[in-house]
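Protein chains in written order, with the working numbering: chain W, 1 to 82; chain D, 101 to 182.
Treat the hints with care, as some may be off.
Unchecked claim - As a list, the in silico DSBU-like pairs of lysine-lysine whose alpha-carbon atoms are at most 35 Å apart: (1) 111/D x 60/W; (2) 5/W x 60/W; (3) 141/D x 41/W; (4) 5/W x 160/D; (5) 11/W x 165/D; (6) 60/W x 105/D.
Hints in this document: simulated from the structure, not taken from any laboratory.
2 protein chains.
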Amino acid sequence: MFLAKIHVLLKPTVNDPQGLTIARALGRLGFDAVDAVRAGKYFEVQIQRSDEATAEQDVKAMCEKLLSNPVIETFTYELELV
Amino acid sequence: MFLAKIHVLLKPTVNDPQGLTIARALGRLGFDAVDAVRAGKYFEVQIQRSDEATAEQDVKAMCEKLLSNPVIETFTYELELV
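Chain W extracted, bound-state conformation:
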């Protein structure tokens, strides 16, 4: 079985209002050293596969079809044998 750790972030050129709001809130809380924040999503998906190539194919397909919006987001993933 594999555990896929998937990160979905807005593309660098896309405005990130959630990140901007968090950065401002951190500033108001006294975290003066905070420069910028990007907010994204994180998924841990357990995949019942015995070979890594098939699991990786699954992960790529599910990111493209459901977990990310390829127009404005990018995804990265790591696969771990568990």
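Following the hints, complete the assembly by docking chain D onto the known chain W.
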């Protein structure tokens, strides 16, 4: 300057309706090998500090005060010099 990569996940004992919904949706899309999904948040925070200890102190404090809800969530982070 440091880049903090922060993961916030619901504690394992806390019900994760978002993850359950995603797992069901993936099943309906034909991803039969998907066993379970946990959904969380991911933040990249740029911190203007020169020493790692202070940056780490900042990250812990901001996770506890704003980025996570310690009652139901846990956080992990990595610090990278950039």
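Quick rundown of the hints versus the structure:
1. 111/D x 60/W: OK: residue 111/D and residue 60/W at ~26 Å, within 35 Å.
2. 5/W x 60/W: This hinted pair holds, its Cα atoms lying about 12 Å apart.
3. 141/D x 41/W: holds (5 Å)
4. 5/W x 160/D: Roughly 22 Å separates the two Cα atoms, so the pair holds.
5. 11/W x 165/D: Holds, because 27 Å separates the two Cα atoms, which is no more than 35 Å.
6. 60/W x 105/D: holds (22 Å)
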